[in-house]
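Order-wise, the sequence lines are chains A and B.
Residues in the first sequence are numbered consecutively from 2, following the working numbering.
Residues in the second sequence are numbered consecutively from 1108, following the working numbering.
Bear in mind the hints are in silico, worked out from the structure with no lab data behind them.
Take the hints with a grain of salt, since some may be wrong.
Using C-beta positions, here's what the derived DEER-type ranges look like [to be verified]: (1) Glu1180(B) to Lys62(A): 29 to 35 Å; (2) Thr1112(B) to Gln83(A): 26 to 32 Å; (3) Trp84(A) to Leu1219(B): 27 to 33 Å.
Computed from a predicted structure; not experimentally measured.
The C-beta atom is built at its ideal place from N, Cα and C for all residues, glycine as well.
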Amino acid sequence: AQSVSQHNHHVILSEAASLELGCNYSYGGTVNLFWYVQYPGQHLQLLLKYFSGDPLVKGIKGFEAEFIKSKFSFNLRKPSVQWSDTAEYFCAVIPGGSYIPTFGRGTSLIVHP
Amino acid sequence: NAGVTQTPKFQVLKTGQSMTLQCAQDMNHNSMYWYRQDPGMGLRLIYYSASEGTTDKGEVPNGYNVSRLNKREFSLRLESAAPSQTSVYFCASSERFGAKETQYFGPGTRLLVL
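Chain A extracted, bound-state conformation (with noise of 0.2 Å):
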C-alpha cells in the first residue's frame, strides 16, 4: 500500500543540537511534499512545502528540507533547534493525480533547554 513513513517517533535533543527528521514516501511518480508542526495544544501549521524546482526547501523558523527523488524522501532539517521548537512534526505527500494529502504518523520532538 502506498504509504508515508516518518521513522523517528519521538526525537530528544538538547538545545543547539542539529536537527534531521526522515519522510519516506512510497508513491512513484510526480509528489507534493509538505511538513506541518503542531505546537502543544495547536492545530497544525505549514512549515513548507515542495512543488518543483530547487529540491532544497526553506521554510519558516529556520527549517529546511531536501527532496530526493531517488531515495523517495523529504528529510527535515535545522542547524541549531531552540526549546521552542518542541513540538510534533508530520510529513505529507499528495501523489500526482490524487488532490488529497496522506500524513505521516508524525514525530515528537522535545528540546531540553
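With chain A held as given, fit chain B onto it using these hints.
Quick look at chain B alone, frame taken from chain A:
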C-alpha cells in the same frame, strides 16, 4: 481573520449518543476537510468537500456524516458514538481543491466516548 474555528473544544459522550462538530472558516476558501488524529496514527481524512455543494468520503468515513452548510461551514456528525471514535478531530480548509494547496487547520475538538 479568525481563520478556521471549531466548536466545541472538548466533548464527552456516552456510547450511542449523537453530536455534531462545527467548523467555520473566514478565508473564503472553497475546500474543507475533516480529519481525525489518533496517537501513533497521524491524521486520517474522514470526509472532504472540494467545493460548496459537494462532499466525498475520505479514508475513514464509517460512522460519520457531513454537511457543507454553505461556503464557510462544514459540520461533522456522529449519529451513534462509539468508543473507537474517541479522538481529536481537526477541520481544515484550502483555497482550492488541488495537489499544491496548503491546508489551514483549526484548533481541534477533543472527543471522549465512554
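Hint by hint, where does the structure go against what was stated? Just the numbers, ascending. Of the numbered hints given earlier, the structure breaks none, since each of them holds.
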